[in-house]
Amino acid sequence: MPKPKLGLYWAASCGGCEIAVLDTELKVLEIADFFDIVFWPCAMDFKYEDVRALADGEITLTLFNGAIRSSENYEMAKLMRAKSNVLCAFGSCAADGCIPGLANFTSLEAIERYVYDDSPSTVNPEHIRPQPVWDVPEGTLRLPQLWNTVRTLPQVVDVDYIIPGCPPQPDQIKTVVDAVVDILSNGKPLPPKGTVLGADPRACCEECPRKRDVKKIRAFVRPHEVVPDPEICLLEQGLICMGPATRGGCGAKCVKAGVPCRGCYGPPAGVHDQGAKMASAIGGVIDSTDPEEIERIIAGIPDLVGTFYRFSLPGSTLRRRQV
Amino acid sequence: MSFEPNLVGFLCNWCSYTGADLAGTARVKYPPNLKVIRVMCSGRVDPNFILDALARGADGVLVCGCHPGDCHYVEGNYKCQRRLPITRMLVSEMGIDPRRVRLEWVSASEGVRFGQVVSEFTEEIRSMGPLTLQEWAFDPAAADAQTEHQRGDHA
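So the protein lines, in turn, are chains W and R. Numbering follows our numbering, with no gaps: position 177 of the first sequence is 177. Numbering follows our numbering, with no gaps: position 74 of the second sequence is 74.
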C-alpha cells in the first residue's frame with residue numbers, strides 16, 4: 001500500500017508553527033516514516049509546480065498554517081485545497097488571523113507609508129513603493145500583491161478541521177498525529193467536518209491551577225507594574241488574563257508561569273468572537289455601580305482591541321477596523 | 001429614497017419590554033424602525049449580540065433594562081451597565097461611532113419614555129447615516145482576478 005501523502009504549507013505566518021512540528025521531537029521521524037511528505041517548503045525542497053503536478057485530492061492531509069494576506073497566499077490556499085483530501089487550518093494564523101491579522105487594525109496604505117517612508121530607519125526620498133508589475137529589458141517582473149484586509153483560511157476556502165494555537169503545542173500535535181495514523185491504519189471514522197482538533201472545548205480557566213474566588217476588580221494593572229501572587233487567579237489581581245475567553249488545550253502554560261493568558265488558542269467552543277466574550281467577562285467582574293467610576297476603570301485597559309483580539313481580529317465578528 | 005435606520009433593540013422581559021407594551025396599549029407614537037428582541041434580563045445581553053447585529057446589517061443597537069436597583073435578578077442590569085461601556089469602547093476602537101450602541105433604563109410604567117427613547121435614537125442614527133462595514137465580505141471574484149493578473153504570461 002502506498003504511503004499516505006502529507007503536505008505542509010505556510011502563508012502569512014512567522015514560522016513558529018513549523019518549529020512546533022519539529023518540536024514533536026522523535027515524533028517527527030514517525031511522521032516522516034508513516035507519511036510521504038510531498039510538500040513542505042520550510043523544511044524540504046519542493047516547488048509550487050510539484051504540487052500543481054499532483055492530481056486533485058491526491059494529498060491525504062495538508063496542515064496549512066498562516067493567514068491569507070496576499071494574492072500568493074490566496075492562490076496557494078486554493079491550490080492546497082484542490083490537491084488535498086483533508087485540509088486543516090493549522091495554528092492561530094490560519095484559524096483566526098493571529099498577529100498578521102492585526103494589520104486589519106489599520107490600512108495597507110498606512111502600513112506602506114510607515115514602512116517605506118515614515119519609519120525612523122527609512123531613507124526613501126523618491127517615495128519608492130513595491131510595484132506588482134515592473135518592466136525590465138528581460139521581460140515583465142510580477143510580485144504578489146498585499147491585501148488591505150487579512151483573511152483567515154476558512155474565509156477563503158473550504159476547511160475540514162482546525163488545530164488552534166500560536167503555535168499548536170507539540171503535545172497536542174502528537175495527539176492529532178496519533179489520531180490520524182489510527183484513522184488511516186485502522187479505518188476509524190473521521191471526526192465531523194469543522195471539528196477543532198488538538199484542543200479542549202472549554203476555556204483555558206479549566207486547566208488553570210490558580211485559586212479562583214469572587215472576582216471584584218476596581219483597577220486594572222499591567223504585567224510590568226506588579227509581581228503577581230503565584231496562587232491566586234490573575235484576573236482577580238487586576239491583570240487582563242484572556243483565559244475566560246480562550247480555548248484550553250495548551251495546558252495553561254502561561255498562567256502557570258505567572259504570565260496572563262494572551263488568548264492564542266482562540267475562542268472556546270460555542271463562542272465566535274473572543275473580544276466580545278472578554279468584554280462580557282470583564283464587564284461582569286468590575287466592582288462598581290457608578291457610571292463615572294466604571295468609565296475610569298475601563299479606561300485602564302491598555303489597547304482594548306489589541307489585547308482582546310490579539311490573535312483573532314480577522315476571524316472576529318467585525319473582521320477589521322473601519323478606517 | 002430617504003434612509004430608514006435599521007435598529008435592533010434588546011429589551012428586558014421585566015421592565016423595558018413591559019414598558020414597550022405599555023407604549024403600545026397607550027397608543028404612544030414612535031418610529032417603527034426598532035426590531036425588538038425580548039431577553040430575560042439586560043444582563044443577558046452579551047456584547048457578541050451587539051457586534052453580531054452591527055455586522056449583519058443593523059445601523060444601531062439599543063439595549064433597555066430595569067433602572068439600577070430594580071433588576072428582577074438583583075444585579076443583572078449592573079452587569080449590563082458595565083458591559084455596555086466596554087462594548088462601546090470596543091466598537092469605537094473598531095472605527096464605528098459608539099453612539100450606534102445605546103443603553104437606556106426603561107421601567108414597566110415608562111411607556112411614554114420608551115417612545116421618546118426610540119424616537120430620539122432613530123433620529124440620531126438617521127442623521128449619522130447607514131453603517132457600512134468595509135471589506136467585510138470576502139470577494140473571491142476580485143481575488144481571482146488579481147491572482148490571474150499576478151501570474152500574467154505564466155498563467
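I should point out that these hints are in silico values taken from the structure, not numbers from a laboratory. No experiment lies behind these values; they were computed from the predicted model shown. Honestly, I wouldn't trust all of these hints.
To be verified - Pairs of lysine to aspartate or glutamate residues, derived as EDC-like cross-links and limited to a Cα-Cα distance of at most 16 Å, are as follows:
| # | chain 1 | residue 1 | chain 2 | residue 2 |
| --- | --- | --- | --- | --- |
| 1 | W | K216 | R | E75 |
| 2 | W | K215 | W | E231 |
| 3 | W | K211 | W | E231 |
| 4 | W | K216 | W | D117 |
| 5 | W | K174 | W | E30 |
| 6 | W | K215 | R | E75 |
| 7 | W | K78 | R | E75 |
| 8 | W | K193 | W | D158 |
| 9 | W | K78 | R | E148 |
| 10 | W | K78 | R | E4 |
| 11 | W | K174 | W | D56 |
| 12 | W | K78 | W | D158 |
| 13 | W | K27 | W | D158 |
| 14 | W | K27 | W | D229 |
| 15 | R | K35 | R | E75 |
As the list claims (entries may be wrong) - Some chain R residues flagged as far from chain W (calculated, every beta-carbon gap over 12 Å):
| # | residue |
| --- | --- |
| 16 | L22 |
| 17 | A108 |
| 18 | Q146 |
We put the CB at the ideal spot given by N, CA and C, even for glycine.
For each hint, the structure was consulted:
1. Between K216 (chain W) and E75 (chain R), the direct Cα distance comes to roughly 14 Å. Compliance with the 16 Å bound is thereby established for this hinted pair.
2. Restraint check: the Cα-Cα separation between K215 (chain W) and E231 (chain W) comes to about 15 Å, which is no more than 16 Å; the hinted pair holds.
3. Taking the CA atoms of K211 (chain W) and E231 (chain W), the gap is about 6 Å. The hint holds against a cut of 16 Å.
4. In summary, the hint linking K216 (chain W) to D117 (chain W) is not supported, as the alpha carbons are separated by about 46 Å, beyond the 16 Å threshold.
5. Restraint check: the Cα-Cα separation between K174 (chain W) and E30 (chain W) comes to about 10 Å, which is no more than 16 Å; the hinted pair holds.
6. About 15 Å separates the Cα atoms of K215 (chain W) and E75 (chain R), which keeps this hinted pair within 16 Å; it holds.
7. Of the pairs offered as hints, the one joining K78 (chain W) and E75 (chain R) is violated, with about 50 Å between alpha carbons and a cut-off of 16 Å exceeded.
8. Annotation: proposed proximity of K193 (chain W) to D158 (chain W) holds, straight-line Cα distance about 10 Å (limit 16 Å).
9. Using a Cα cut-off of 16 Å, the hinted pair K78 (chain W) and E148 (chain R) holds, with the two alpha carbons roughly 13 Å apart.
10. Restraint check for K78 (chain W) and E4 (chain R): the C-alpha separation of about 40 Å exceeds 16 Å, so the hint is violated.
11. With a C-alpha separation of about 27 Å, the suggested pairing of K174 (chain W) with D56 (chain W) is violated against the 16 Å cut-off.
12. Using a Cα cut-off of 16 Å, the hinted pair K78 (chain W) and D158 (chain W) holds, with the two alpha carbons roughly 9 Å apart.
13. Taking the CA atoms of K27 (chain W) and D158 (chain W), the gap is about 28 Å. The hint is violated against a cut of 16 Å.
14. The hinted pair formed by K27 (chain W) and D229 (chain W) fails the criterion: a straight-line CA distance of about 37 Å is larger than 16 Å.
15. Between K35 (chain R) and E75 (chain R) the alpha-carbon distance is near 26 Å, which puts this suggested pair outside the 16 Å criterion.
16. No beta-carbon of chain W is positioned within 12 Å of the beta-carbon of L22 (chain R); the least distance is around 26 Å.
17. Non-interface call for A108 (chain R) relative to chain W: holds, since the shortest CB-CB distance, roughly 21 Å, exceeds 12 Å.
18. At roughly 5 Å, the least C-beta separation between Q146 (chain R) and chain W is not larger than 12 Å, which violates its mark as non-interface.
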